[in-house]
Amino acid sequence: AQSVAQPEDQVNVAEGNPLTVKCTYSVSGNPYLFWYVQYPNRGLQFLLKYITGDNLVKGSYGFEAEFNKSQTSFHLKKPSALVSDSALYFCAVTPRTNAGNNRKLIWGLGTSLAVNP
Amino acid sequence: DTEVTQTPKHLVMGMTNKKSLKCEQHMGHRAMYWYKQKAKKPPELMFVYSYEKLSINESVPSRFSPECPNSSLLNLHLHALQPEDSALYLCASSLTGIGQGWEPQHFGDGTRLSIL
Numbered sequence: 008a009q010s011v012a013q014p015e016d017q018v019n020v021a022e023g024n025p026l027t028v029k030c031t032y033s034v035s036g037n038p039y040l041f042w043y044v045q046y047p048n049r050g051l052q053f054l055l056k057y058i059t060g061d062n063l064v065k066g067s068y069g070f071e072a073e074f075n076k077s078q079t080s081f082h083l084k085k086p087s088a089l090v091s092d093s094a095l096y097f098c099a100v101t102p103r104t105n106a107g108n109n110r111k112l113i114w115g116l117g118t119s120l121a122v123n124p
Numbered sequence: 241d242t243e244v245t246q247t248p249k250h251l252v253m254g255m256t257n258k259k260s261l262k263c264e265q266h267m268g269h270r271a272m273y274w275y276k277q278k279a280k281k282p283p284e285l286m287f288v289y290s291y292e293k294l295s296i297n298e299s300v301p302s303r304f305s306p307e308c309p310n311s312s313l314l315n316l317h318l319h320a321l322q323p324e325d326s327a328l329y330l331c332a333s334s335l336t337g338i339g340q341g342w343e344p345q346h347f348g349d350g351t352r353l354s355i356l
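Top to bottom, those sequences are chains A and B. The first sequence lines up with residues 8 to 124 when you count with our numbering. The second sequence lines up with residues 241 to 356 when you count with our numbering.
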């Protein structure tokens, strides 16, 4: 079965320190990869995506993600965390080999990021 | 501010009530989605409309009835819901249909639904 894993339920980091939120996937082919963030009492916001090309993708709010094909990973990173980055982060993939209605997002279970002042 | 607007933000209803959730977007997107989300869990896809036609129904119980009156509006009609239907209901949109898997989805802030 195709799946997305976010191995850490919670990540704690001090403000100003770099942060990493991990994501690995088990999906055939070369899927499209996404990160979304959900702030408290809000909907999900698109952060960034990988389709093809450079393995380092830059997104909103200073976030970036590194695609590693051999490790089937797409880790989210930020050089210097802010308290306002505290939120729930979801990794999601769309299988590239599927077609039409089968190109639904496969979601990870989410990682709660807490940035401490 | 999100570009997908959902109303109401909160809704409390009894199990015998009929109510509707509304979603609106003016980005010219042609695909619209309904998701159900439980606390601290990923969203679960319910329905997808592509070019105003229902293209995906994820075996959702008939007490949930979607409607897409035009390309900017999406409704979810609720009737005889159960307590386990209490959740955050999210609407999303994307530029074209779900078949374009590289397009990100844009979410509203949701309607928090409580069933008494």
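Some hints could be false.
[Said to hold, decoys possible] According to the in silico footprint, chain B covers these stretches of chain A (three or more CB under 8 Å from chain B):
| hint | segment |
| --- | --- |
| 1 | 40–54 |
| 2 | 95–101 |
| 3 | 112–123 |
No lab work stands behind these hints, which were simulated from the structure alone. On a predicted model such as this, the values are computed, not experimentally measured, just so you know. We put the beta carbon where it would ideally sit given N, CA and C, even for glycine.
Which hint numbers does the structure go against, in order from smallest to largest?
Failing hints: none at all.
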